[in-house]
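Heads up: the protein sequence lines correspond to chains Y and H, in order. Residues in the first sequence are numbered consecutively from 0, following numbering that gives the first Met the number 0. Residues in the second sequence are numbered consecutively from 0, following numbering that gives the first Met the number 0.
Just so you know, the hints here were simulated from the structure itself, not pulled from any lab data. Keep in mind the model is a prediction, meaning the values are calculated, not measured. Just to be clear, a hint being listed does not mean it is correct.
Same chains, same names: a pair is fine if it fits in one copy or spans any two.
[Said to hold, decoys possible] Below 20 Å or equal to it, Euclidean Cα-Cα: the simulated SDA-like pairs (lysine to any residue) are:
1. Lys42 - Pro5
2. Lys42 - Arg256
3. Lys42 - Gly62
4. Lys108 - Arg37
5. Lys42 - Ala3
6. Lys42 - Gly27
7. Lys42 - Gln311
8. Lys42 - Asn178
9. Lys42 - Arg109
10. Lys42 - Asp188
11. Lys42 - Ala8
12. Lys42 - Gln4
13. Lys108 - Pro145
14. Lys108 - Thr10
15. Lys108 - Leu131
16. Lys108 - Ala183
2 protein chains.
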Amino acid sequence: MPHAQPAGAHTVRRHNTGLVLGAIAEAGPVSRATVAARTGLTKATVSSVVEAMIGADLVAETGQEQRSGRGRRGTELTLSPHGMHGLGVEIGVDYLATCLVDLTGEVRKRRIRGGDNRNRSVTAVLGRLATLLRTTLADADALGVPVGGLGLAVPGLVEPAAGLLRTAPNLGWREVDLNTELRARVDLDDRPLILGNEANFAALAELWSADDLRDFICVSGEIGIGAGIIIGGELFEGVRGFSGEIGHLAVDPNGPRCSCGAQGCLEQLASVESILRAVGLWSSDAVDPASVEALLDRLSAARPATVRAVAQAGHWLGTALAGVVNVLDVPTIILGGRYATLQPWLAEPITAELTTRVLAATWHPVRVLASTVGPYAAVRGAATAVVRAIRTDPTRFVPALVSSGVA
Amino acid sequence: MPHAQPAGAHTVRRHNTGLVLGAIAEAGPVSRATVAARTGLTKATVSSVVEAMIGADLVAETGQEQRSGRGRRGTELTLSPHGMHGLGVEIGVDYLATCLVDLTGEVRKRRIRGGDNRNRSVTAVLGRLATLLRTTLADADALGVPVGGLGLAVPGLVEPAAGLLRTAPNLGWREVDLNTELRARVDLDDRPLILGNEANFAALAELWSADDLRDFICVSGEIGIGAGIIIGGELFEGVRGFSGEIGHLAVDPNGPRCSCGAQGCLEQLASVESILRAVGLWSSDAVDPASVEALLDRLSAARPATVRAVAQAGHWLGTALAGVVNVLDVPTIILGGRYATLQPWLAEPITAELTTRVLAATWHPVRVLASTVGPYAAVRGAATAVVRAIRTDPTRFVPALVSSGVA
DNA sequence: GTTATTAGTTTGGGTCCTAAACTTAAAAGC
DNA sequence: GCTTTTAAGTTTAGGACCCAAACTAATAAC
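Take these sequences, add in the hints, and give me the full structure.
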């Protein structure tokens, strides 16, 4: 363990501050006494921490606890609605989106700008994005809330640590320093920018919205196929942030040739695009909503050829996911994006493959669920990632929470 | 983040104790002053922590620092050779092994008992193992060193948290409560038992022996194929400890039927067994050393059919590993077990597949290396896992290191 | 109204950290 | 050979933070 940090009194305070904030977030309105009981800290410590957090406008007192039985009523504590917000930004293939999320994870404001981004230059798209972003920062001002940081979701291979977009095949982008480019256009002060892959942020959004799911992978695949991996309630990013790229998993060595040069890649056989192609609903070069509607209509009407095509995609998806589950040992698969609506037809063939191929399935069967977050999960997840960072370590965003910032 | 623990002064001490111990372990003999510089702690703190660790016999002073220039010479600190040891135990298919590893990771004693375990009952094998284990505990007594805990490596699917062996196909074992069974036979006091999969412990052994590798997967495959995953210098176990089961990754849907019921599983196409079968060297139902020697002879002699068979196995292995790398984003693959000796013939076909199929390979090529630990990596890793636990949090093993053990 | 019970604050004690002064040891300069 | 300089390690004083327990405050039950 090289380069580990020494610990001191401030470390303890930082940890406990996050602990208390987490307890307030999870237990809804709670009294100091309840927080103390839940966290294992003493009432004195909780009081002290809460006092600092109220001062930083992270927590607010919202009246008296309503409860039967005797004894003094506690003061209800909740996350402050005027506390720091997370700002999510998404560059989609055919839209730009931003959203503001408060400390509870609630979306306070969302803005979507439609328009195909594939026919525009990087500069043009970033220009439009900058405008949208400035508008959203103005929204935050209007709401009277500070923005703690930004999360930026992109449909491509991203190196979060470097702030670099390596490649976004569906946008036609390569090697864009998004962190620098964005800061050059919009004044973000020293607010952190969390750059990430669309699929990863979508997975985080699922994690945040369901409260009993701590381990799962969230798969979506309109044109390329990607998966966000959540283990132990944490995003698993791999070494450089490239994890979850399951689109080029080999499932059929005799399958169609892929743009990557190999044969039988999953995304040639199981993407929504490939399904639409198989049933003759592929129109332009995008997954347009009308085609997906038509597909769902045919499925509801139980047209054999359509059902078979989706089942075939499910078979390949299951084959690949079985591999992923064997490698990661994850108990749950969430179908996100367009897959979510196809879940009733996809789940069975996927489960069939999982059951035979996953060694651990005998003891712990793998569940296949549909996403509960719905569309625009990625922007929400991006904003959420900021909120998550604030909640985990509030002292990073509000240095005043710990007395001497000697670090 | 539910059920997180509150932090206090003892938490700080625990953290810093591990930090100092880690610094001493990594930097070889070092003075207190150097440790202070490396860890960022003050000299006063380091002195205090070191004093406690010397008292606990984890660290020893071994004379004066030799160095040019002026100023007082420091006292060299090293991990104590009489400090706590880790005891590794392995149940192999055709042997039983134990070893004692000191705090530096050095093997101090190793015992191997040959003999096919597949033709024996669970009870018989555990009886033999108990005897070997008692002998090894006596070895530790003779060396005058305490044993901090045990690591037990098994060739099968294991649930570490529960201490359960779910299934070991090559032993023919199912549902064995190894923790309970072993404690019933040998008095282990309250020493912790770390149960784990062979491949995982082998990977840990690699991690420990190389000092610049922090992210890799270590693959081996005599009959079944397994991989240990190391990310950020930590073993990635998955949710229940079943991670890395790559033997049943689907690589060829038209391939041979597997015992698991599915078709085209990797271990039917790329295990050492399957290679030996392909070249007509498969004799009994085990991978015997003589056959492997014969295989290596033919490869050295560049016999086309043999080279082709190994290359074919490498091709399938590469296909599967490309999937694993795409999912995990790991920059290095280590070939362990019998694969290590085949590395010169396997590396190229594996690399070829990785290069085309791994998206991130354009920016970060994947290396394919041979194991440096050699045989019996798993036992060593098992013992090592205990040492690693001691080094990470010595206070768990020596409560006296932190003043009031109030938790 | 008194009592029991629960919420939250105040006080005293303790651990562990840091910073800075101090002691010890050894080379370098004159 | 003695003084100076530099570095190692210890001692001391001060501060942050935690906990335990006493204390104050509020409210239902008797």
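State whether the alpha carbon distance between Lys42 and Asp188 is at most 20 Å within one copy, between copies, both, or neither. Classified as neither; 37 Å inside a copy, 37 Å across copies.
Can you tell me if Lys108 and Arg37 fall within 20 Å by alpha carbon in one copy, between copies, both or neither? neither (32 Å within a copy, 47 Å between copies)
Between Lys42 and Asn178, at a C-alpha cutoff of 20 Å, which is it: within one copy, between copies, both, or neither? neither (43 Å within a copy, 40 Å between copies)
Are the CA atoms of Lys42 and Pro5 at most 20 Å apart within a copy, between copies, both, or neither? between (27 Å within a copy, 12 Å between copies)
Given identical chains, is Lys42 near Gly27, meaning Cα to Cα at most 20 Å, within a copy, between copies, both, or neither? This pair counts as within: shortest intra-copy Cα distance 18 Å, inter-copy 45 Å.
Within a copy, between copies, both or neither: which one fits Lys42 and Ala3 at a CA-CA cutoff of 20 Å? between (31 Å within a copy, 17 Å between copies)
Can you give me the call for Lys42 and Arg109, within, between, both or neither, at a CA distance of at most 20 Å? Classified as neither: same-chain Cα gap 39 Å, cross-chain 53 Å, threshold 20 Å.
How would you classify Lys42 and Gln4 at a CA-CA limit of 20 Å: within, between, both, or neither? between (29 Å within a copy, 15 Å between copies)
Status of Gln311 relative to Lys42 across identical chains (alpha carbons, at most 20 Å): neither (58 Å within a copy, 66 Å between copies)
What label fits Lys42 with Ala8 when the C-alpha limit is 20 Å: within, between, both, or neither? For Lys42 and Ala8, both the intra-copy (19 Å) and inter-copy (17 Å) Cα distances are at most 20 Å.
With 20 Å as the alpha-carbon cut-off, assign the pair Lys42 and Gly62 to within, between, both or neither. Close inside one copy (19 Å), not across copies (49 Å); limit 20 Å.
How would you classify Lys108 and Thr10 at a CA-CA limit of 20 Å: within, between, both, or neither? neither (34 Å within a copy, 41 Å between copies)
The structure is inconsistent with the numbered hints 2, 4, 7, 8, 9, 10, 14 and 16, although it conforms to all the rest.
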